[in-house]
Amino acid sequence: MTPGYLSGNFDLNDRNDELWFKFRCVAHELSHRILDTIDTAYGEYECVKLTFGSDKRTPLNNADNWGLFLADLYKFRNLRALPN
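Take -4 as the starting number for the sequence shown in my numbering and just add one per residue.
For the record, the hints were derived by calculation from the structure and aren't laboratory data.
The structure displayed is predicted, hence computed values, not measured ones.
Heads up, the beta-carbon is just placed ideally off N, CA and C, and yes, glycines get one too.
Treat the hints with care, since some could be wrong.
Said to hold, decoys possible - Quick list of the computed label-pair ranges, beta carbon to beta carbon:
#1 Tyr40 x Phe71: 30 to 40 Å
#2 Thr46 x Arg72: 18 to 28 Å
#3 Glu41 x Asp12: 12 to 22 Å
#4 Ser49 x Glu13: 29 to 39 Å
To be verified - Pairs of lysine-lysine, DSBU-like flavour, derived with a Cα cap of 35 Å:
#5 Lys17 x Lys44
#6 Lys44 x Lys70
#7 Lys51 x Lys17
#8 Lys70 x Lys17
#9 Lys51 x Lys70
Start from the sequences, fold in the hints, and give me the full structure.
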């Protein structure tokens, strides 16, 4: 993982979104290590576009697709208000 990348962009107002984003970054980076994924596209919009392409393997090999997928699982599994 790249500590410099993970150290920024976490000054969000919503604590739940901050944790979701941190989890997404870690999941994205771990997918490189565990699944040997690559960076084809970044961000929700671009990752969704990959799913409509002709090669159905592309989204499965894209790190940010895994980051988004796992972060959404994390967020919906832990739907609770965090203390301020």
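Do the hints match the structure? See the list:
1. Tyr40 x Phe71: 30 to 40 Å: 20 Å, violated
2. Thr46 x Arg72: 18 to 28 Å: Taking Cβ atoms as reference, Thr46 and Arg72 lie about 22 Å apart, which means the hint holds.
3. Glu41 x Asp12: 12 to 22 Å: Since the Cβ atoms of Glu41 and Asp12 sit about 19 Å apart, the hinted range of 12 to 22 Å holds.
4. Ser49 x Glu13: 29 to 39 Å: 37 Å, holds
5. Lys17 x Lys44: OK: Lys17 and Lys44 at ~23 Å, within 35 Å.
6. Lys44 x Lys70: 22 Å, holds
7. Lys51 x Lys17: At roughly 27 Å apart (the allowed maximum being 35 Å), Lys17 and Lys51 satisfy the hint.
8. Lys70 x Lys17: 11 Å, holds
9. Lys51 x Lys70: 25 Å, holds
Of the hints listed earlier, the one the structure fails to meet is number 1.
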